[in-house]
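Which chain is which? The protein sequence lines are A, B and C, in order. Be aware that the first sequence starts at 570, since it is given in this note's numbering, and climbs by one per residue. Be aware that the second sequence starts at 8, since it is given in this note's numbering, and climbs by one per residue. Be aware that the third sequence starts at 15, since it is given in this note's numbering, and climbs by one per residue.
Fair warning: there could be bad hints in the mix.
[As the list claims (entries may be wrong)] Pair by pair, the computed Cβ-Cβ distance ranges are:
{"no.": "1", "chain 1": "B", "residue 1": "97", "chain 2": "C", "residue 2": "581", "range": "51 to 59 Å"}
{"no.": "2", "chain 1": "A", "residue 1": "653", "chain 2": "B", "residue 2": "34", "range": "17 to 25 Å"}
{"no.": "3", "chain 1": "B", "residue 1": "81", "chain 2": "C", "residue 2": "592", "range": "35 to 43 Å"}
{"no.": "4", "chain 1": "B", "residue 1": "101", "chain 2": "A", "residue 2": "626", "range": "43 to 51 Å"}
{"no.": "5", "chain 1": "A", "residue 1": "663", "chain 2": "B", "residue 2": "22", "range": "28 to 36 Å"}
{"no.": "6", "chain 1": "A", "residue 1": "663", "chain 2": "B", "residue 2": "12", "range": "42 to 50 Å"}
{"no.": "7", "chain 1": "B", "residue 1": "97", "chain 2": "C", "residue 2": "580", "range": "39 to 47 Å"}
{"no.": "8", "chain 1": "B", "residue 1": "101", "chain 2": "C", "residue 2": "580", "range": "35 to 43 Å"}
{"no.": "9", "chain 1": "B", "residue 1": "138", "chain 2": "A", "residue 2": "653", "range": "44 to 52 Å"}
{"no.": "10", "chain 1": "B", "residue 1": "117", "chain 2": "C", "residue 2": "576", "range": "52 to 60 Å"}
{"no.": "11", "chain 1": "A", "residue 1": "626", "chain 2": "C", "residue 2": "612", "range": "32 to 40 Å"}
{"no.": "12", "chain 1": "B", "residue 1": "117", "chain 2": "C", "residue 2": "578", "range": "45 to 53 Å"}
{"no.": "13", "chain 1": "B", "residue 1": "162", "chain 2": "C", "residue 2": "581", "range": "50 to 58 Å"}
Because the hints were derived from the structure by calculation, they are not lab data. Keep in mind it's a predicted model, so treat the numbers as computed, not measured. Built from N, CA and C at the ideal position, the CB exists for glycine as well.
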Amino acid sequence: MPTLANYLIASGLLFAIGLGGVMLRRSIIIIFMGLEMMLNAANLSLVAFSRYGLVGGHQNYDAQVLVFFIITVAAAEVAVGLAIIVSLYRARQTTHVEDLDSLKF
Amino acid sequence: MLQVAFWFFASLMVLFGTCVVLLRNPVSCAMCLVMSFISLAALFVTLDANFIGIIQVLVYAGAVMVLFLFIIMLLDLRTEKSRRLNFGATVGGVLVIVGFLSIMTQVILANPAFAKTLPPLAGNQVSDVKLVGMTLFHSFGLPFEVVGVLLLSATVGVIVLSRKSLR
Amino acid sequence: MHLSTIAWITLVVPLVAAALIVLVTRTSKPFAAGLAILSALITFVGGWTLFVSGASGDFLGFNWIDFGDAFSIPFGLALDPLSRTMLVVVTTIAPIVFIYSLGYMKDEEGYWRYFAGLALFLFSMLGIVLADNLVMMFIFWELVGVSSYILIGHYFHKDSAADAAKQAFLVNRIGDFGFMLGILLFWVSTGSFKFSALNDSAGMFAQHPTLLGVACVLIFCGTVGKSAQFPLHVWLPNSMEGPTPVSSLLHAATMVAAGVYLLARIFPILSVSPEASEVVAVTGAITALGAGILATQQDDIKGILAYSTISQLGYMVAGAGLAVSAALPMFHLFTHAFFKCLLFLTAGSVILGMHHEQNIWKMGGLKNKMPITFLTYCCGMLALSGCYFFSGHYSKDLIMACSWEHHRAVFWMLVVAAGLTPFYMTRQALVVFFGNPRSEHAKHAHESPLVMLVPLILLAIPAVIAGYPFVEHAFFHEIGSLAEPEIPHFIEIIFGAAFFLGIGAAALIYRKVGEKDPIRIPAFENRFYIDDFYFWIVRRIQGGFARLCSFLDRWFIDGILVRGSATVVWTLGFALRFLQVGNLQAYAFFFGAGVVGLIYLLIHVR
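Please construct the entire structure, taking both the sequences and the accompanying hints into account.
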């Protein structure tokens, strides 16, 4: 039987991979995908706690409602973020992160 | 049974996640991410969160990743040309990841409360969807409406941002 | 009408007049003068009414600062025998001088300024006389200083006048610093500022002689400044730069007497402290003698009178230090006010007749050309010298008798000063009024107009009779006893001898004198070089100190504290700027590293 620790370590791994994607990849789209992975890792954590922390015989549904909201907000965020990337691409003709460095001191 | 399912889908998820970070072709990355999301949805179902699992497939794998693919095709991204690796940044990134993982495992393994196995649910279960819906509309009515407004503003924002000329 | 109302009206009317003159009557000369004179006459009526009524009492106006029992400064008027007598002095002399000014200042500019200043001065002086507590007196003390500044600097176009006004005010401030400390000491020990509370606690003070001595000497510092005692006497001769009526009113009769009035007010506790009384008496004697010596070599007609004033103030202060009651110095103040004011006004008459020439060696033979001035001058001069049957004789005699009883050194100093006084006054009289005219102005001098002569005559009367027993009884018997238990008769003889010696010596030397002074003693002429000494102190010591402060201010406070802290902040900002590399992943790295670090700290650092 999987323990809570198992689920949490899985979630943590997923989060670490997403973080690695953000820090190590140079293409904006891939970085964005890493962000989505991090959000999903958080969702997994929440659902695990919901299942293992029973309230009166039921799962703790507050966590699941929170996951619902996170998914919604993430979807909205992806839409807007990709629109921004499109405008950025139209302005700079590149999606390579290291080319976007004009906000320097 | 549950053990097998967990290990199978968890390893699948981590494997495809790693592929997302390592592959060069953006479309391949997107497809791997889709697979990762589907495995995640399976994990949700093993946790008896049926509604969330379905929503994960519908929204994430179905809508968000399709959007990603559309954008990749719009921008006509090719395989990334491998540039010279920035050694300092890479090392820094790896260090951060390793540090995070070590702290996390340490915390999780040290806490005895996390070692419990799946507690049984009470019988006479109403369907999961219904319960989620009741919680949502009983206790979280206002956030629900606010999220609606959020989606509206996101829609408007996307339309404004993707206009050809900024007036 | 209620007495308190009369008292308040007497106090406030000159202030109202001054305000009106400044605000309304700038262009109309007669109106300005009329307002001032009217206010002076109202105070004259009020003052005499209060004196005749013989009432005593405290009239509380309002509580200016009131923190309950812990600290409160009331504003109130106190009527007692002392203030009533002083009130008579001030309110009698003031209208006379005001009317005299009509004639003296007729052709001068700044007419309204002058009369406004005089009215302000009258208000402030009445405030000092009527104040019932130390802080209120101090406030009016400063106001008197301000009016003095305004009036001395009346001819402010002249550098010497402007400097003299400044010097007067600043030297007074030095004395006032000590005065303020004395007030604070008294408040700390008795908890009240009122004179009545202070004088009632004489018994308590007797057990703390050091505290009492120090506090009294500190308050005496105020007198040293205001009444031009040594070493703060330097401003009075320079204050002669002001118009002559100002010199007569302020710097002869009333303002400089305020210092003596202060000593009389705190007399009950001053007399309990032998050390303080000693300091007071010796200072007064030194001043009397020193100023008398310096007066013998002055060439300015007002300068002689100025040093004479300082000398007589020394007499009063010495009397305050030695007397049994406050009546002794007040008696000499009383007589001195009248004859010194008269002397200054006659000097003003002479100056006007000589077309503002003030050097006595340009005058001469004026007794025929200005007979009334000469006669009144003689009254004043004889009174000042202590001639029998004139007012000054009685008051000076009593002071000398008192000093014989208590302090022989002071006595001999006062005797020498008493001999010098007739000497320099006779010198002045002989050079100015007798002999042949020494310049064109002197040849064509003429008598002053009636508006100036009537005040002279009016003042000559009290100059003669103010010392007589009936006057003395009327004004002073309530204040205290003037009689000494035993006065050896040879005091009278010594006094008389000094008087005749002084006149004789001056007559001998100056009888047939030519264009310049046969005796020239540079040390006396240069005022014992005290002015130069003060100038050196200010330049070297204060200047050096100022340079040190400037260094501290510029390099330490400005440089290190103000600009240094700004520089530190700027440097920090400059260093932190380099974190803005513009690279997205660098920012992500910083973020991630920060979060991991935070979590580590949260978990492991307990």
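Hints and how they fare:
1. 97(B) - 581(C): 51 to 59 Å: The hint (51 to 59 Å, Cβ to Cβ) is violated, given that residue 97(B) and residue 581(C) are roughly 39 Å apart.
2. 653(A) - 34(B): 17 to 25 Å: holds, 21 Å
3. 81(B) - 592(C): 35 to 43 Å: holds, 37 Å
4. 101(B) - 626(A): 43 to 51 Å: Because 45 Å falls inside the window, the suggested range holds.
5. 663(A) - 22(B): 28 to 36 Å: holds, 31 Å
6. 663(A) - 12(B): 42 to 50 Å: holds, 43 Å
7. 97(B) - 580(C): 39 to 47 Å: Roughly 41 Å apart at Cβ, these two residues keep to the hinted range, so it holds.
8. 101(B) - 580(C): 35 to 43 Å: At 42 Å between Cβs, range holds.
9. 138(B) - 653(A): 44 to 52 Å: Between residue 138(B) and residue 653(A), where Cβ atoms are some 37 Å apart, the hint is violated.
10. 117(B) - 576(C): 52 to 60 Å: The hint (52 to 60 Å, Cβ to Cβ) holds, given that residue 117(B) and residue 576(C) are roughly 53 Å apart.
11. 626(A) - 612(C): 32 to 40 Å: holds, 37 Å
12. 117(B) - 578(C): 45 to 53 Å: Roughly 49 Å apart at Cβ, these two residues keep to the hinted range, so it holds.
13. 162(B) - 581(C): 50 to 58 Å: holds, 51 Å
The structure fails to meet hints 1 and 9 from the earlier list, while all remaining hints are met.
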